[in-house]
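The primary structure of each chain is shown beneath.
Protein chains: 2
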Amino acid sequence: MSCDFCQKPGGALLWRDDRLRVVLVDEPGYPGFCRVIWNAHVKEMTDLPSADRGHLMVVVLDVEAVLRNVLRPDKINLASLGNMTPHLHWHVIPRWRDDPHFPGSVWSAREREGPPRGLPDLDAILRDRLAVRVGNGLPR
Amino acid sequence: MSCDFCQKPGGALLWRDDRLRVVLVDEPGYPGFCRVIWNAHVKEMTDLPSADRGHLMVVVLDVEAVLRNVLRPDKINLASLGNMTPHLHWHVIPRWRDDPHFPGSVWSAREREGPPRGLPDLDAILRDRLAVRVGNGLPR
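Quick mapping for you: the protein sequence lines, in order, are chains A and B. Letter by letter, the first sequence follows residues 2 to 141 in this note's numbering. Letter by letter, the second sequence follows residues 2 to 141 in this note's numbering.
Bound conformation, chain A alone (with noise of 0.2 Å):
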């Protein structure tokens, strides 16, 4: 079976443990755009043990939460879908009044180009302040 988490990294890589990794996606009009990947090739969230289920939520909102700081977004939107790639992973997203879609999911139709935004150096600014939040992890 052919899954694209379990082949490729799915983006840059700003943290991991033995159980999940970090990444920081490349989409255009949303800096900051993370996935939250469970390493093992498990489809839903309640397929997990619950200290599982538990680390997994504790790792996404740090990332949540190192993002808000970061970035100071309008609004953070978690989503866990899987429907296109049934590899459990989540989706933490920082938004903004006049980012492609608001107040529209990511999903949803595209509403306006959006300004540019971002931060030069974010992938190395996220790094830091995961490992300072979440704790030193596994090297790259």
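Simulated from the structure, these hints should not be mistaken for laboratory data. Some hints here could point you the wrong way.
Treat identical chains as interchangeable: a pair holds within one or across any two.
To be verified - With a Cα cut of at most 20 Å, we get these calculated EDC-like pairs of lysine to aspartate or glutamate:
(1) K76 with D48
(2) K76 with E45
(3) K44 with D19
(4) K9 with E28
(5) K76 with D99
(6) K76 with D5
(7) K76 with E112
(8) K44 with D99
(9) K44 with D75
For chain A, the structure is supplied; the task is to place chain B on it using the hints.
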């Protein structure tokens, strides 16, 4: 400030305690579409203390477990967006391969009509199952 989830239940009440409520949304083509709504007007998960985040996610995942058990969907979608209504709530959405938007999100372009689907008395069934799984909660 006018807020839909401060003023209205947001769906048919299935379960509640002193912190949150679970409601069934009447969304054609999506039987079992539930929302878990935090009672207080809070914007983001990381605005909650850690114990409250944990409680909310435990209930969200209990709803997922009940929906999988009762409806046997092909996938569950979880999302906390709040761009239109920035009052913390989670969508817990059973998905089927032939539903109106699959494999897109329910906010994506509609792909087809989708077959009629559901169970008679689904609200009563879900109320009973949630009472068993999450605990008795407060009277409706």
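Hint-by-hint comparison with the structure:
1. K76 with D48: between (29 Å within a copy, 12 Å between copies)
2. K76 with E45: The answer is between: 8 Å across copies meets 20 Å, while 25 Å in one copy does not.
3. K44 with D19: Answer is within; shortest intra-copy Cα gap is 18 Å, inter-copy 32 Å.
4. K9 with E28: Classified as within; 17 Å inside a copy, 36 Å across copies.
5. K76 with D99: Within one copy only: 12 Å inside a chain, 32 Å across chains, cut-off 20 Å.
6. K76 with D5: between (28 Å within a copy, 17 Å between copies)
7. K76 with E112: Within one copy only: 17 Å inside, 28 Å across.
8. K44 with D99: between (34 Å within a copy, 19 Å between copies)
9. K44 with D75: The answer is between: 10 Å across copies meets 20 Å, while 31 Å in one copy does not.
Figure legend: structure checked against the earlier numbered hints; every hint is met.
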